[in-house]
Amino acid sequence: MTTRRRVAREFTPPPLTRADVEAVSKQYDEPIWLRQARLEAWAQYEALPMPTTQDEAWRRTDYRHIDWGSAGALLSPNGGAFDDIPPENRDPLLGEERGGLVAFVDGKPVHDEIGEVLAAQGVIFMDLRRAAREHADLVRAHLGTRAVPPDEGKFAALNAALWTHGVFLYVPRGVQAALPVHSVFYATHPGALIGRVLVVLEEGASVDFLHETLSPTLGADGSYIGVTELIVGDDARLRYVALQDWGLNVFEFSHQRARVGRDARLDWITGQMGGKFLKAFMEIELDGEGAWGRMSALYFPADTQFMDLDTQQNHNAPHTTSDLLFKGALKDHARSVWQGMIKALPGAQKTDGFQANRTMILSRGARSDSIPGLEIQANDVRCTHAAATGQIEDEVLYYLMSRGLPRAEAEKLVVDGFFVPVLDRIPFENVRERLLAHVERKLLGA
Amino acid sequence: MSATLEIRNLHVSVEGKPILRGVNLTVRQGEIHALMGPNGSGKSTLSNTVMGHPAYEVTEGEILFDGVDIVGLEPDERSRLGLFLAFQYPVAIPGVTVANFLRHAINARRKAENPEDKGISIPEFRKLMMEKMETLRMDRSFAGRYLNDGFSGGEKKRAEILQMAVLEPKIAIMDETDSGLDIDALRIVAEGALTLHERIEMGILIITHYQRILNYIRPQVVHIMMDGRIVETGGPELVEHLEEHGYDWLREKQSNGA
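Chains A and B, in that order, are what the protein sequence lines are. Just so you know, the working numbering puts 339 at position 339 of the first sequence, and the rest follows in order with no gaps. Just so you know, the working numbering puts 127 at position 127 of the second sequence, and the rest follows in order with no gaps.
There may be inaccurate statements among the hints.
[As the list claims (entries may be wrong)] No more than 25 Å apart at the CA atoms, straight line, and that leaves these computed lysine-lysine pairs for PhoX-like:
no.	chain 1	residue 1	chain 2	residue 2
1	B	LYS132	B	LYS111
2	A	LYS412	A	LYS331
3	B	LYS132	B	LYS118
4	A	LYS350	A	LYS412
5	B	LYS118	A	LYS412
6	B	LYS111	A	LYS412
Since the hints were made in silico from the structure, they are not lab data.
So that you can see chain A by itself, here it is in the shape it has in the complex (with noise of 0.2 Å):
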C-alpha cells in the first residue's frame, strides 16, 4: 500500500486588516459615511466564513490554490497610465463620438471623461470615489444598498470594506441617453484588486453601457474581487455589455445583481474570456410588474482556465419575463461550471422564465458541467430550462472542408456560427470582432 500525503490546504482568507480599510479611507479623504460603511462592511467580513466545497455555491469551485501571498496583497497604483491599456480597450464605441470614458490602471484613475452630450443631458458617469463625494445623497442612497449588500458573501463584504475604485453611471429621469458609455479596469501587476460598478437608472431613463476588466498575464497570481450592481428604475432600459479579459492568472470573484423596476428593461450581456479561475454570481431581480430581464454570454475557457457562472432569475412581481442564453466553447482542459436557478415568489403569476446554457467542447480533457434548477412558489407561470452539451460533429468538419475551408478554419466557422447568438446582441461592431478576434486566436493558438 502506497502511503498518500495530503497536503492539508485551507480556503484561507486574503492577508488583508483593517488597517487596510482605514488606510484605504484615508488615503482618498472619503466622506465619513463611506468611511463608516466600509468599517461595517469589514466586521460583517470578519463575521462571515471563507465559502469552501461543501457550500453548494462553491461545491464544484475550488480556489485553494491561489497563492495570497501575491493576489492578496492589495494592488496599489504602480505608475500605470492611461496608455498601457491596449488601444482597441480604449477605442470610442461608436465612430468616433464618445459619450464617456473612464479608465483605471491598477485603481488608479487615468482617464475620467463625459463628453458634452452626456453632460447636457445631465448623465453622470465618473469615477466613484469623486462622485462619493460630488454626487454624495446619490451613491450613498444606492451603493450596497439595494443590489448587492456587504453581507451578501465574505467576497461582497471585502469588496464593500476595501474597494479602490469603481464607475458610476447615473441616468436621470426620463433620459434616453444619446451615446453610449465605456469604463476600463486594467491592470498591469499582480495583487488584489477591488473595483466596484454602481449603475442608476431613473425611471423611464436609457442607456447602453460597456465595462471592460482586463490585464496581460502577470508575473505572479492575481485576483479580482468585484461588486457589480445595476439598478434599473421603472420603465427604465438598461443595456450593459460586461467583457472579462484577465490575464492567465488572475482569480476573479465577483457579486454582480440587478434590480428591475416596473416595465423596466434589462439587456445584459458578458463575454467571459480570461482568468485562471472565475467565479461570478450574476444576478437579475424582477422586481417590478411587467419587468424583462435578458442575461446572455459568451464564454471560451482554454488551457486550463476554469469558469464558474452562476446566475438567478428571480421573479418578484406578477407578468415578468426573463430570458438567459449561455453559450461556451471550451478547449484543452478548461472547465466550465453554470449553475442557473430561475425562481418565481408566490405573487409573481404569468410571469415567463426561460434558460439556456450550451456548450461545445472541442478538446478531450475540457469539461463543462450545466446544472439548472427551477424555484417556483406561483402557481400560473411558465418557467423552462435547457442545457446540451456537444461536439464539432465530423459530418459538419466534412461538409465545411468539402468545400475547401481547411480544418481549422472550418472549426472556426463552427464555433464562430455558435456565438454568433450572443454576439448578435452585442450593440458595437468593433466589440464583436474583438470577441471574434480573440476566439479565433484561441482556437488557433497551441
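Starting from the structure of chain A, add chain B where the hints point.
Only chain B this time, still in chain A's reference frame:
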C-alpha cells in the same frame, strides 16, 4: 488541360465492413456520367470516399485526380484541386450565413493559391453571389440565412448548386440532387449544373434513382452499381431499360456469373 477523375479497383470499408469491392470508373472534364443502382449498392459510399469522408477507409485501389492519387488528401485539398460533391443530405451550420460561408470558401481557394491574398472584395463578392443566385432563381434574402438551417429539402439542394456555381469545380458529383425536388426546382437545379458544364466544361457524375433528372442533364455514359461494384456500363439507353425492367435482370446476370 482537362481534368480527369480516375477510380481504379477501389475497395472501401466502413467500420471494418467492406462496402465497395473493386470499383473502376473514369470521368473526364466535359463528360456527363450517370451512376445508378439499388439502395445500399454503394453509390453514396463512392461519392463520399472520393470527397474524403473520414469514416470511409480505402483498403485497396486508387483515386486519381489528374494522375495524382488523392486518397491521402484531406477533403479541403480535394476540393481545391477542383472536385465538388453536391451532398445528398447537406449539413446545417447554425449561425453561419450562406453569404459568409461562400466568402470563406472562395477565400480559402484564393489563399491556397496565393498565401498573400487578402480575399475577395465585398462588392466583387456580392456581385458574384447575386448573379449566381439569380440564375438559380433564389431570393436575395437567402444569402442572409444560416446555411441549411431550417431549409426545406428543395432549398438545401439549391444551396448545394449555388455553392457549386460559385466554386466552379472541374468535376462535380451530384448525389441524388434530384430527390425531394418538385419539377420546377428540378429544372432550375439541372439548368444550373448544365450551365457550368457548358461554360467551364465541368465534368458531372450524377447519382440518381430516377430518369427524371437525366432528361435534363443527359449523360453520355451510364453506370450501374450493385453490391459495391459497377456491373454494367452503357449509353443513355440503359436508363430506359432500367425504368422498364428494374434491376432484376442484372441480378440474374450477376448470379449467372456473366
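Do the hints match the structure? See the list:
1. LYS132(B) - LYS111(B): holds, 22 Å
2. LYS412(A) - LYS331(A): holds, 12 Å
3. LYS132(B) - LYS118(B): This hinted pair holds, its Cα atoms lying about 23 Å apart.
4. LYS350(A) - LYS412(A): violated, 41 Å
5. LYS118(B) - LYS412(A): holds, 18 Å
6. LYS111(B) - LYS412(A): Cα-Cα ~16 Å, so holds.
Figure legend: structure checked against the earlier numbered hints; the only hint not met is number 4.
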